[in-house]
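Make the full structure from the sequences, and use the hints.
What follows is each chain in one-letter form.
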Amino acid sequence: MSERVVDVDPASDSTASAGRDRGAATGPSRVGEFFAGERHLIWDTGVMSVPAAALSARALVKQFKRVRAVDGVDLTVGAGERVALLGPNGAGKTTTLMMLLGVITPDSGVVELVGRRLPAQRSAAMEQVGFAAGYLPLPERLRVREFLELFADLYGLADRRGAVAGGLARFRIEELGDAMGNELSSGQRTLVGIVKATLHNPPLLILDEPTASLDPDVAHRVRSGLEELCAEDGTALLVTSHNMQEVERLCSRVVFLAAGRVVADGSPDEVVAKFGSSDLEGVFLHLAEGGTEPITDARPVS
Amino acid sequence: MRAQRVRAVARRQVYVLKRAPQRWFDVIVWPVVDAILFGAIGVYFGRQHGVAATSAAFLLAGIVLFHVVFQAEIGLATGFLEETWSRNLLNLMVTPLTELEYGAGVALFGMARLAIGLTVVSVVAFALFAFNVTTLGVALLPLVAILLVVGWSVALIVIGLILRVGQGAEILTWGFIAFLLPLSGIFYPVSALPGAIQPISQALPTTHAFAAAHALVEGHALPWGQVALAAVGAVVLAVLSVWFLTRMLATFRRRGFISRHV
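Taken in sequence, the protein lines are chains A and B.
Each residue of the first sequence is one higher than the one before, counting from 1 in this note's numbering.
Each residue of the second sequence is one higher than the one before, counting from 1 in this note's numbering.
Keep in mind that the hints were calculated from the coordinates and are not lab data.
All C-beta atoms, glycine included, are put in the ideal place defined by N, C-alpha and C.
Accuracy of the hints is not assured; some may be wrong.
If you only want the chain A side, here are some residues facing chain B, beta carbon under 7 Å, derived [said to hold, decoys possible]: (1) Thr105; (2) Ser123; (3) Glu127; (4) Leu150; (5) Gly156; (6) Val218; (7) Glu281; (8) Leu285.
So, in structure tokens, the structure goes:
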């Protein structure tokens with residue numbers, strides 16, 4: 001199947017997509033900029049195209065009883081773009097991620113993953129998305145290799161053994177293949193979780209606090225593996241983290257949430273400048289203390 | 001529906017059964033215990049009236065067929081429970097796996113489990129009490145099919161309740177079956193139940209399926225009227241259980257109950 005690249009109307013709503021555009025590795029930082037003049041890759045079948053945005057969410061709202069967890073969040077991640085979703089505890093990050101993944105139904109709003117609209121096209125969308133979280137355990141009664149092979153099947157991979165071997169090698173944990181899930185350290189579990197999430201080389205990888213509670217060495221391996229993956233495959237990344245150094249290393253764009261709303265969206269430098277802080281950690285602390293406006297105090301916040 | 005994903009779900013259940021010895025209680029131990037218990041009761045009471053063989057056959061046919069409902073229900077419900085116990089639900093929900101594929105995979109494994117459980121109870125009944133369930137003939141097949149549907153339907157209701165109220169509802173995996181056991185007239189005619197309970201019993205598809213089985217044990221032809229009532233009841237229960245599960249799953253997603261399982 002040959003490929004050809006064509007210009008498309010940026011206003012068109014492409015929902016019939018599959019496959020991925022590995023060439024579009026660098027994504028702009030704004031929705032409008034991204035769609036302007038963006039190219040779609042279309043196969044000769046004429047029915048498969050890859051949309052410009054790996055992820056597009058508009059006006060997401062979620063209310064749990066008296067708490068408005070997410071309040072009108074707009075979020076776009078371009079193909080190959082690396083975005084951090086940041087904010088203090090209770091800001092609505094995980095609820096937003098769960099809505100993006102179709103696990104929680106939003107009260108209102110629209111989610112499209114790789115051109116597939118949720119919830120109607122959830123299954124097709126999830127073939128193009130990987131998810132891992134630092135807090136997810138591995139099932140106790142499975143060996144790592146069995147666990148990964150099961151997920152390779154769930155992702156519909158023809159060569160599940162090859163995919164698992166390749167995934168373990170990518171993160172340099174081949175020796176864990178025969179270990180039982182409950183024998184692993186939290187760092188090893190995280191690495192296996194990320195291998196699981198990337199078995200099918202998804203165009204979009206969503207990670208919820210992937211390095212939480214990991215020692216610096218393992219966290220470094222996780223970050224290096226992710227950088228390698230994104231650089232080689234042009235994988236778009238949406239990651240939540242409380243580690244601002246990690247964010248600055250991994251992501252070209254940060255989106256700050258506070259009380260369920262987007263309060264900042266831009267490159268780390270832009271966001272730091274907007275808030276008048278010395279670094280991202282200063283912005284984080286400012287938001288955690290309830291501030292949403294630029295820091296007026298001249299003292300360094302970090 | 002993708003066969004590869006259905007097989008993956010079934011394979012996952014095989015790993016669990018292989019590595020969790022306690023799961024063999026449902027598949028091996030309870031069928032043996034039930035066959036010995038009800039066979040012995042049948043022989044004892046039968047001897048009082050000089051009909052030991054008939055009495056034992058009546059109870060053993062009941063327990064063999066009861067294990068169709070039991071194994072079908074337990075297999076499906078505990079298959080889902082395993083995902084909640086191992087906090088694997090979120091992992092599954094973020095894959096392309098659909099609810100139908102998941103159900104089909106667990107049901108596929110449940111069929112294998114059912115075959116093992118039924119074989120065990122039938123072999124024990126034959127070895128210890130000379131009761132051969134196959135002598136009841138192919139007429140058993142529609143009854144087995146009806147009881148299978150009932151077992152799966154009860155499991156879907158249990159899964160729906162677990163999604164809605166959390167793991168506290170897991171006791172119903174065994175609780176609903178415990179209610180069906182006395183109410184379905186498995187070991188006695190419905191007329192033996194207190195009058196106030198009999199209408200409830202008559203409304204259950206299992207009651208009519210077991211009444212048909214008893215007719216076979218007594219050497220009569222299969223009472224198709226009872227089979228039809230049981231089949232209609234099973235279909236109604238199946239439709240209701242799917243509707244209920246769909247509603248509960250929607251509530252689960254709407255109210256963010258995944259947080260209970262991570």
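Against the structure, the hints:
Checking A/Thr105 against chain B by beta carbon gives a least distance of about 4 Å; that is within 7 Å, so the hint holds. Annotation: A/Ser123 was flagged as interfacial toward chain B, and the flag holds, the nearest CB pair being 5 Å apart, inside 7 Å. Interface hint status for A/Glu127: upheld, as the beta-carbon distance to the closest one in chain B is roughly 5 Å, under 7 Å. Residue-level restraint check for A/Leu150 holds (minimum Cβ-Cβ distance to chain B is 5 Å; threshold 7 Å).
The interface hint given for A/Gly156 is met, as the beta carbon of that residue sits about 6 Å from the closest beta carbon of chain B, less than 7 Å. Because the smallest distance between the Cβ of A/Val218 and any Cβ of chain B comes to about 20 Å, over 7 Å, the interface hint for this residue is violated. Because the closest C-beta pair between A/Glu281 and chain B is about 27 Å apart, greater than 7 Å, the hint is violated. Checking A/Leu285 against chain B by beta carbon gives a least distance of about 26 Å; that is not within 7 Å, so the hint is violated.
In terms of the numbered hints stated before, the structure departs from hints 6, 7, 8, listed from lowest to highest.
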